[in-house]
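Novice: Read off the chains here:
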Amino acid sequence: MQRVNRDAMTDAAILIEPLIPALRRYAMALLHHRATADDLVQDALERAISRWHQRRSDLDTRAWLFTILHHLAVNRMRQAARRGAHSAIEDVAQVLLAEAPRQEEAMAEADILHAVQALPEEFRAVLLLVSVEGLSYAETARVLGVPLGTIMSRLSRARERLSRKMEAGHRAPAIALRRVK
Amino acid sequence: MTRPVAEEELHAYLDGFLDEARRQEIAAYLARNPAEEARIAGYARQRDALRAACGALAETPIPPALNIGRMIAAAHDRRRRRLRYATAAMIALGMLSLGGAGGWMARGAMGTPHGGVAGLSHVAAVSYTVFAPDHLHPVEFRADQRRALMDWIATRTGTRIMAPDLRASGYRFMGGRLVATEHGPAALFMYDDDRGTRLVLLGQPMRREDRNAPMARFQDARVGGYSWAMDGIGYSLAGPVSVAAGLLHPLANEARRQIADRM
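Residue numbers (our numbering), protein chains in the order written: chain C, 1 to 181; chain Y, 1001 to 1263.
In short, the hints are calculated from the structure, not lab data.
Some hints could be false.
Stated by the list, open to error - Quick list of the computed label-pair ranges, beta carbon to beta carbon:
hint, chain 1, residue 1, chain 2, residue 2, range
1, Y, P1034, C, R83, 47 to 53 Å
2, Y, A1021, C, R78, 40 to 46 Å
3, Y, P1034, C, A118, 27 to 33 Å
Beta carbons are placed, not taken as given, at the ideal position from N, Cα and C, and that holds for glycine.
Make the full structure from the sequences, and use the hints.
Specialist: Below is the structure:
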């Protein structure tokens, strides 16, 4: 029995490890805070390890991990909202700006992430899962636990709103990044 | 003629989820509708910019806390520890409920309810109830790890406690573990037969006044068995009532004989 468990855990390590960068990327873009994101990814991985046998199949591992992570992230965001905590908007921008040689690029990247951050949470999640993580619409529906039709309408509205925000941002550049000296 | 184009198809076009025939139809539709084409091209730029920005996030070094191998090892340790705590707690609860319900019978046993051989009978019955039905971890060390089991037991109880060979009576040694009792650690050995019937043999060093005790029968609604003490070690053999009514007494006698021979 123990041997079986250990083999299952080796599989877990092999299947999970390559997905960790994507999980961190999603959590950071969703929460806009690196330390919180890494905390959440750690929680999600611990859950995944303890519930490894609940997966439907190996093929399903990625969507399953995103589902676990997303649930944890939503709980965390709602707790933060209840406490009235203000998310550290500068944090992710600083992660990007830390690489000095690509300052301008980093500013543009921080800009779009800031615009995404301003979207409602449910739009943000759909946009990130589809556009960045490349999940199918059906997988995205599963991760978020909503019908496919809802995913499609949220995706459409998220893209439309983000376009408008980016256009507005180009007219009044980089206000979001002004730092307090 | 081509079907009308739905908004969601424009997104599926952008995300690469359309079949080739429909993809070409949508491409043709966009070629005829410059405003829509500009909108979808804008979404594509937005997506690329978002991917680039998020890609930079994913490139930050992975902190050591997210080392999956280490996390799995830690989870493994936690699970083993939890199992041990749960075992001790279940036994403690089992003892309380059996003692409190008063439905327990210890015929012919001497001493106070939780001391001496009668106390050992309680622990054997509770351990049988907890571990015999367990499909995952009935024992902590299996028969093929016998030496490690015996060394562990000797270290924790301070005594070499023997596991008799009951194969002549149709019961194979499965392995064992330590269990928690009021009087400290006790050895638990488990046996099973071809039909999956399991027996539990408990062994524990006894206090001075209980160093020797004649064989005594005990039984409740589901579990029965025999307990005795010899030369400072108490034993209790427990099994389902069906076995306790017949074969268990000769099995206990056989176990006692083997143990006496080895001493």
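Novice: Would you mind marking each hint as holding or not holding in the structure?
Specialist: Hints, verified against the model:
| no. | hint | verdict |
| --- | --- | --- |
| 1 | Y:P1034 <-> C:R83: 47 to 53 Å | 49 Å, holds |
| 2 | Y:A1021 <-> C:R78: 40 to 46 Å | 44 Å, holds |
| 3 | Y:P1034 <-> C:A118: 27 to 33 Å | 29 Å, holds |
When held up to the earlier numbered hints, the structure conflicts with none and fits them all.
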